[in-house]
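Undergrad: Listed below, chain by chain, are the residues.
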Amino acid sequence: MEQDKNMISGWLEQNPNLEIEKFISRNLAITEKVRKALEEKGWSKAKLAEEMGKRPSEVSKWLSGMHNITLKSIVKMEIALDIDLIQLEPKKEVEYVVFEVLKGFKYSENKDSDYKEYQEGFISMAI
Amino acid sequence: MNNFATLNKVGTYDKVVYYTLTIEDEDGVNDKSLFEMFIEKHSKENYEKFHHIMTWLQIIGNEIGAKEYYFRQEAEISDTSALPPTGVDREPTYVEINNETGEEENKPNNLRLYCFRASETVVFLFNGDVKTENKAQDCDNVRPHFRLANRLTKLLEDKFKEKEILWNEDGTNIEFEEDLELNW
Chain A
1094 MEQDKNMISG
1104 WLEQNPNLEI
1114 EKFISRNLAI
1124 TEKVRKALEE
1134 KGWSKAKLAE
1144 EMGKRPSEVS
1154 KWLSGMHNIT
1164 LKSIVKMEIA
1174 LDIDLIQLEP
1184 KKEVEYVVFE
1194 VLKGFKYSEN
1204 KDSDYKEYQE
1214 GFISMAI
Chain B
1472 MNNFATLNKV
1482 GTYDKVVYYT
1492 LTIEDEDGVN
1502 DKSLFEMFIE
1512 KHSKENYEKF
1522 HHIMTWLQII
1532 GNEIGAKEYY
1542 FRQEAEISDT
1552 SALPPTGVDR
1562 EPTYVEINNE
1572 TGEEENKPNN
1582 LRLYCFRASE
1592 TVVFLFNGDV
1602 KTENKAQDCD
1612 NVRPHFRLAN
1622 RLTKLLEDKF
1632 KEKEILWNED
1642 GTNIEFEEDL
1652 ELNW
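First to last, the sequence lines map onto chains A and B.
The working numbering applies: residue 1094 is where the first sequence begins, and numbers increase by one.
The working numbering applies: residue 1472 is where the second sequence begins, and numbers increase by one.
So that you can see chain A by itself, here it is in the shape it has in the complex:
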């Protein structure tokens, strides 16, 4: 479907509120992840509530997508479902990207021989 100017986006562009946008976006992302996990496990919301020792109405409220779920509730769901709902970026120290240029290497239509030639050239350069 094509994106166009519309009443909803138009109003939101004129009245930006990053906090509300991020809150609902993150909340829905968590909710959708929980719903997907429930589907994969073949669990109902009532079963999830039972696993966490909570009332089904409480879980329904969390999964409405607009409730301010506490970190404690998120952790409870993570344990019950055995998934990570919030994945923090792994800490990277240094990442190297190496670009090599091979002298005399010509590209041809035959990709297999190109790759072999490239590998041989790379090995001989490394030696």
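Be aware that a few hints might be false.
Only pairs whose alpha carbons sit at most 30 Å apart, straight line, appear in this in silico DSS-like list of lysine-lysine [said to hold, decoys possible]:
{"id": "1", "chain 1": "A", "residue 1": "Lys-1126", "chain 2": "B", "residue 2": "Lys-1486"}
{"id": "2", "chain 1": "A", "residue 1": "Lys-1134", "chain 2": "B", "residue 2": "Lys-1480"}
{"id": "3", "chain 1": "B", "residue 1": "Lys-1515", "chain 2": "A", "residue 2": "Lys-1115"}
{"id": "4", "chain 1": "B", "residue 1": "Lys-1630", "chain 2": "B", "residue 2": "Lys-1515"}
{"id": "5", "chain 1": "B", "residue 1": "Lys-1486", "chain 2": "A", "residue 2": "Lys-1138"}
Just so you know, these hints were derived from the structure itself, not from any lab.
Predicted, not measured: the structure shown is a model, and the values here were computed from it.
With chain A held as given, fit chain B onto it using these hints.
TA: Okay, now just chain B, sitting in the frame of chain A:
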């Protein structure tokens, strides 16, 4: 009095196309659609609650689709829904900063936007208001919007049955004549 409504597009997103209706009567032309009236009133009177609903519509439209479980059932004579969604037996909430404590609190979002979720990709947005009673039928604020939404939903369902509103080839959007009218 003989009323009729025309169909207008609110906006197209990757996963949902929103429509609204403009109601006109034989005495005059109404140039504002139901959803425009909702925007005009509640963007001023209920700014935060309204903002949550607008943001919700945009995110659902862009990323998720109009899944049934994100709409609350408000059916009386037809398959009308409303936003925001709710738990089984609880009022929907939204987060508001408490001015005295400075803390974020889950507050009930009693602002209702009535709609007809025709499918996961097509939703008709009507008007709404702040609900002050348990049942929409008992609330002076929302009762007219609730009743009108149910009536309009029924008319739209009939137009689908009569093939005056058609699904496009891949079933993601609707097709209708530009001068299509819903009469009652």
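Undergrad: Evaluate each hint against the coordinates.
TA: Consistency of the hints with the structure:
1. Between A:Lys-1126 and B:Lys-1486 the alpha-carbon distance is near 18 Å, which keeps this suggested pair within the 30 Å criterion.
2. For the suggested pair A:Lys-1134 and B:Lys-1480, the alpha carbons sit about 39 Å apart, so the restraint of at most 30 Å is broken.
3. Restraint check for B:Lys-1515 and A:Lys-1115: satisfied, since their Cα atoms lie roughly 22 Å apart, inside the 30 Å limit.
4. A C-alpha spacing of about 34 Å is found between B:Lys-1630 and B:Lys-1515, which places the hinted pair above 30 Å, so the restraint is violated.
5. The hinted pair formed by B:Lys-1486 and A:Lys-1138 meets the criterion: a straight-line CA distance of about 25 Å does not exceed 30 Å.
In this structure, the hints that do not hold are numbers 2 and 4, in rising order.
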